[in-house]
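Asker: Sequence:
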Amino acid sequence: MDDNYHTYINRLMRMTLPESYRSQLQHIHESPKFMVNADGHRQPTLFPGYTIATPPWSTDSLNVPLHSKLTLFQKTLLHQLPSQLVEPLPPSSFHLTLADLIWDSAYRHVLNENSQFEEQLRNRIGEIFLQYQPTIGRGIPLQWQVVGLMVMPRAIGVCLVPHGEDSYHRLLELRRAVYQNSELVSLGIEQQYHLTAHITLGYFGTIPPDLDREAMASDLENLNQLWIDDGSPLLSIPRAELQKFDTMFHYYRDEDWPSLDF
193 MDDNYHTYIN RLMRMTLPES YRSQLQHIHE SPKFMVNADG HRQPTLFPGY TIATPPWSTD
253 SLNVPLHSKL TLFQKTLLHQ LPSQLVEPLP PSSFHLTLAD LIWDSAYRHV LNENSQFEEQ
313 LRNRIGEIFL QYQPTIGRGI PLQWQVVGLM VMPRAIGVCL VPHGEDSYHR LLELRRAVYQ
373 NSELVSLGIE QQYHLTAHIT LGYFGTIPPD LDREAMASDL ENLNQLWIDD GSPLLSIPRA
433 ELQKFDTMFH YYRDEDWPSL DF
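For what it's worth, our numbering labels the leading residue of the sequence shown as 193, then goes sequentially.
Don't read these hints as lab results, they were simulated from the structure.
A couple of the hints might just be wrong.
Claimed, not checked - Label-pair distances were calculated between CB atoms; the ranges are:
id, residue 1, residue 2, range
1, Gly423, Asn202, 31 to 37 Å
2, Ser260, Asp448, 27 to 33 Å
3, Asn304, Asp411, 30 to 36 Å
4, Asn315, Glu222, 35 to 41 Å
5, Asp195, Pro282, 28 to 34 Å
6, Asp195, Arg330, 48 to 54 Å
7, Glu311, Ser260, 15 to 21 Å
8, Met205, Ser410, 29 to 35 Å
9, Leu418, Val377, 41 to 47 Å
10, Arg330, Trp295, 42 to 48 Å
Glycine is no exception: its CB is placed at the ideal position from the N, C-alpha and C atoms.
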């Protein structure tokens, strides 16, 4: 399902073009991952599941320059947009998903059907990581680069492209190892999306009925140009981790859960 290297680069770069912003902004919706509480404030809804991802930035000391720049960029973005349009994620939760596994209703369903699901999932991911460590892990972190803003139907973030073909092909090898594993398929794990590497900065909240989408597209274009002009530190990915999440604010793992060192 995933693209070849050059197709991926071209697809992601198109997402950062002004015409892409104008088109995508016609189809944005309020995210169900947040709800308004009794005080009128938005809070994250329960949205449990598992993923394979980079270490959350609260535990990542390798990419401090990029962390700092994205944190500042998020603040600038929020300042430019209408109030309550975007519910920001805490920078400590920023991460890059490497392979979606299972979430929300599918996760709840399989957990009700199989009380051993979580243990079986962790064991099988551990076996896959152990099997593919010699071919994927080379003692060299994957290198990816943020190339600009991207607008999704229910979120806004930045998208990334690989800094060289090796970083792309090793990630694809990991994804194939996961999604083509028959035992994981039998547990309910399946690939549902093409790889579109991104770091989510926030989810759409209240969409004003009079939102000036053309003006917003221009603002995003200007912000994107600021990012490009300023340059971007690379994202170094030393390992892939099995992580659990309860909400979009909270990703975590136990120390003995599987990880694969690149």
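Asker: Which earlier hints can't be squared with this structure?
Answerer: Failing hints, ascending: 1, 3, 6, 7, 8, 10.
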